Amino acid sequence: MMILGTDPLLSGNVDLTVVLIVLMKVGIAFAFLLVAVMLMIWFERKLISDMQNRIGPSVAGPWGILQTLADGIKLFFKEDLIPERSDRFVFKLAPYLSLIPAFLVFAIVPIGGDFRNDNGGVVTWFGHETLVQVADPPIGVLFFLATSSIAVYGVMLAGWSSGSKYPLLGAVRSSAQMISYEAALGLSIATVFLMSGTLSTNGIVSEQSTWNWNLVTTGVVPFIIFVIAGTAELNRPPFDLVEAEQELVGGFHTEYSALRFALFFLAEFMNVITMSAIAVTLFLGGPNGPILIEAIPWIWPPIWFFLKVGVFLFVFVWLRATLPRLRYDQLMDLGWKILIPASLGWFLLIAALNIANDQGWQSWIVILVGLTVISVGALALMAAVRKAKIQRASQAFEEAN
Amino acid sequence: MTETEESNEEVEEKTEEYSGPTSYGVPVTESHDQVVLHPAPTQLLETVTLLKEDGFCMAIDVTAVDYLTHPGRKDLPAGLNPERFEVVVSLINHDQGKRVRLRVQAGTDNPTVPSLFDLFPGTEAMEREAWDLFGVVFEGHPDHSRILLPDNWEGHPLRKDHEVGRIPVQFSPEVGRH
Amino acid sequence: MELAVFIICSAIVLSGALGVLIANNPVHAALFLVETLFGIAVLFILLDATFLAAVQVVVYAGAIVILFLFVIMLLGVDRAEDLGIEPISGQRPLTIVIGSSILGLILTTLLISVSGPTGTSSSVSEVSLGGTNTKNLGGTLFHDHLFAVELTALLLTVAIVGAITLARRLKGPLQPLPVLETINDEESLPEDNEDVE
Amino acid sequence: MTNGKELLLGEPERVFRREESPVLRLNEEEANAAIDDTDALDDDHRMILNMGPSHPSTHGVLRLMLEMEGETILRSKPVIGYLHTGMEKTAEGLSYLQGATNVTRMDYAAPLFSELAFSLTVEKLLNIDVPPRATWIRMLMCELNRVSSHLLFQATNGMDLGAVSMMIYGWREREEVLRFFEKVTGLRMNHNYIRPGGVAADLPDGWREDVKKLLEIIPPRLEEYDILQTGQPIFRERLQGVGVMNPAEALALSATGPILRSTGYAWDLRRHMPYLAYDEVDFDVVVGTYGDCFDRFAIRLNEIRESLKIIEQILELMPEGDYRIQNKKVTPPPRARIDESMEALIHHFKIFTEGFHVPEGEVYVAVESPRGELGCYIVSDGGPNPYRMHIRGPSFVNLQTLPHLMEGGLIADGVAVISSVDPIMGEVDR
Amino acid sequence: MARIPLLGDTNNIASDGLEGLEHNFVTARIEDLVKWSRARSCWPATFGLACCAIEMMATGAAHYDLARYGMEVFRASPRQADLMIVAGRVSQKMAPILRQIYDQMMEPKWVISMGVCASSGGMFNNYAIVQGVDQIVPVDVYAPGCPPGPETLMHSILTLHDNIQSGELTRRRELNQGGAAIDLDLSPMSAETPVEIVEKTTS
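Chains as they are written, first to last, in this note's numbering: chain G, 1 to 401; chain Z, 1 to 178; chain W, 1 to 197; chain H, 1 to 430; chain B, 1 to 203.
One or more of the hints may lead you astray.
Cross-link-like lysine to any residue pairs, in silico, SDA-like; alpha carbons within 25 Å at most [claimed, not checked]:
| id | chain 1 | residue 1 | chain 2 | residue 2 |
| --- | --- | --- | --- | --- |
| 1 | G | K92 | W | A23 |
| 2 | H | K212 | G | K92 |
| 3 | G | K387 | W | A163 |
| 4 | H | K213 | B | A62 |
| 5 | G | K92 | W | S15 |
| 6 | H | K350 | B | N125 |
| 7 | H | K350 | Z | H70 |
Think of the hints as simulated: they come from the structure by calculation, not from any bench.
The model shown is predicted, which means the values in this text are computed figures rather than measured ones.
With the hints as extra help, turn the sequences into a complete structure.
Have a look at this one:
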């Protein structure tokens, strides 16, 4: 099956050890994600407390580390309710639609492996060569986009099926928001494809093995766009309009309680982790990093990987502690009028540079011309937006009088 | 209603007889260095219009007093017939830093005064409050309804003949739905 | 194994398609549509057309059906409908006749032209000869059929412009109060806000 | 009024409308009928949405009935009374000395101002003047209270816009002020400190150091707020141009305080109709330019700075002397005198059981609270209890501006507007 | 039992963390674990009424920090909240809504009546104020004070935690059927027809 891709483990005979190795990988990834989510929730609460001169959870377990466990057990044993006006089947289905994609995405992330000397991340376990990721489909990053587009359903259907107004508003907001930002997200990733020439995550990481991280080779802009669009895709502050406690009470999960609510909670934080992992894979060279002690070389890639993921998690918490929430129309403006044109323009620039390399043109001329064209386009766009704004304002003014 | 009208007419007659100091065409007194005008309900709109033209640009407060248990008050100008309900309007002149207070004898059984909404829309809530707590009717008010108490409450609690004391919880399936 | 996957997927696709027809509630119908699309995506994978599978999910399930749902929720038509009513009399038998005849025609044509279902996976088909299937697909679209692709793109753009023009409706108060350009001036910084009387 | 001035103030036409007004004048039954009537919804895509009374951003128990088209607010109506406490009725049963206990529970973010207004009114009825030290202590405490109240606004405003940290920061600084209050009055809030005739107790030893410490702590924290909020692009985007009102509309709606000042209309009772000793201190009246939410935010932030300036001067100018009037009829005798003197014991007993009698009359006195003009109207029939006590709560009146400020905005703008009006429901519902 | 662990004292952290689960964590009974988790994760509903609400928020802020007990998660939706802190005076107009919110909360749920106004009407014994919120919802812990300072509120919260963990509250709740035994006569509202409120306890 091609879907499992280029993993050398499956190229030869599939015997019991191979099956066990695959099962082990799945098990580890699953358990790792669950524990990571638990720690992530604790980390967020503790960190945000620190930023706010507070102490944060400290009673449940040492340093409050079992706080998430307590929350989980409590929610598990709480009374569950399906609202009378809800659509029962969809109401029950929605949390799982939210959770399962969050799990799936992590399967394509390489969290370790030896990428030095064009090794392609292959390690040897129990006499079998394999990759340190559950699966490496040739369409890896597209798989990520596909699953994240499925995750929209969870939020959207949860809001709709609750049968009340605030959740519905949350659902409508979320679907519009997620679709809008998926475009910018996809376009920023497309520059990575251009640089790497492959969709496979393993391939993308292999391309970045010698400090030529995509962060630099794509020129930082796509990375920034990816982080902004990713935050919006996660419904994290300052883009948490879907939940917007101050406006929509709890947004889409207002009517959810007990275990089903816990699933949403879990999915949200799991998505934060997977989004960070994807960002690390695409732009920051995944598990690549210097091997400091040659004696145990296999331990370093995972360490670098988790350190990089940790940086992202920190940034997400930091954003939450600092920024106020955007308004809905500002969010849409940012997505459609800034991020999508910017990522499109940058994508064209990178494409032009690639062609220039192929054709042997002077690259600085291409850059100059490209930047000029892009800035002219940006100016034209700004002028159009401005004109529309003024027109609309004057129209509203006339109508008011 | 007829009683009120009669009493209003009575007041007008009285004010016509009134010979003390006047300001803006209505009797004026002073209370602790504060100017107090005493228009009749029928004169209220006219007086307030004059005041507004004279620079009293904001209606600070509208409230009511129930003088049921204190009928013989002395601070009214001589010749003015005290009524049970009095509507008190405070205006302020920002340019000169002056305040003026209008005490309107609103009537005894069906206290009625004209609404000031068309002159000062800011009185809308205050007039609703006076209706809610005292039962003073403001004619021409755009939304003459209860404001603090539930819509189906009976009585006007700040009247002197209304009990202060404890009333058990009242429940009604209509109120408070989301 | 491939056969088993094929059978399961076919069942999913068919039940989903049937669900779209039968479901009373438009939202449920849309969900059945997603089910069908998923089944088809897996079928694509079975044919080694992985790129197509992913695009199928991203575009159809991820965008188009979401837009359907968006419209359904926004317009508030998400109530179950009574399917007992036939707006055109005799429309059901007519549908069955026309539908089955079209199906028959297509099947016949297909069977004649390729002499029966081949079951060949795309990795050995014409599109995939040499290189990955993504690359070949790109080549086919943007080298061989560039004109057609561009024409289609133009057509879609025109359609979008048309839709916006038709659907745009100007009434009532629009967006927030007139945003005056001067508001963004530096003057509104609080430091300059103090006005000493 | 001249034409030129009207031009300067703007056109108040919008607030006078009875029909097509931004105020949704529906009663409960009509609103419920509109909610149930789903066909009407399909026709013009309008719906009635209830926000509150237990909604997180309605500052307690304010309820808003919103008529919306999509997410745009067309008309709205603040529904209040969910905290109606009957304080004006209760006041009629309390003596003048007990009255401050009652009014202090109205504006629980700035309790000292209600006490001040009440006490000034009673003193005016009694025709007494309090000693200068009492006046200056009152000023000190009120300005500190203004600081704590505006800090609370900074916190809730940040919270309503989604800046969660601001909530904690505002509360952190407020806590420092409350500590001083606790030291002086014995309570963190609802102090019952300012009473007719003076204040309840003299400032404790070391108060000067405490206040100086506050003056050191707070200004740098305000700079932090500037970094976190004022200069924040998202924050500015959310507030600028949102909830705009011109001075004429604010005047017509009787709005006072930061709402009136945000429109560029400089009116502050402390300066223009001075009470206490505000004519002896130097401070600026902060005004806005555009009358939007951002101006209201900035005014409150800068009023903290002005208040600190006043406090600095009070530290220098604080006179020595009595902290309450030495009038046996009004103030209870010192504790030590009760043991020695029968007369003192009788006075003490009389004041705390029956209370002191206040000459017949009626009077209205207003002070500038953090939310606007806080007035107290008392009618006395010569007895020991007020015959009628009415408080003109600035929040109550200011709340009328909500529909006008929210008209045409999105729900998120509505939240920002509610926050910028800064209503305290205790004072609204009384 | 109600004690605030010394914050800087790291020696005690391990023992404090699972206090109440005296025996081995692994062999602890499920019931104990559930009680432990309920006590350690008691999410309050955002439900502020008057003066006390300000003090409640102050308790959540930096100086007192409810987050230590895992309680900074104030839930706007009553469906997800475990604890309702009735902070302030309850007016006649608010009472039905308060009860409605209580009904929307999922079992197990607890109520703290914060301040004298909520507990007994306080100084406002008049037409407008409900004389004690326990006429409407069953109250587990009363916090005295007007308003109770953050320390008082925290003490009542810790008392609640102890009662949850010892199972005391669950027992009491079974007796009055989780508040369902408070019977409300839904007759039309008027000042003249006082409504009978009967508390049935099946004992």
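Against the structure, the hints:
| no. | hint | verdict |
| --- | --- | --- |
| 1 | K92/G to A23/W | holds, 18 Å |
| 2 | K212/H to K92/G | violated, 60 Å |
| 3 | K387/G to A163/W | holds, 22 Å |
| 4 | K213/H to A62/B | holds, 19 Å |
| 5 | K92/G to S15/W | holds, 20 Å |
| 6 | K350/H to N125/B | holds, 24 Å |
| 7 | K350/H to H70/Z | holds, 24 Å |
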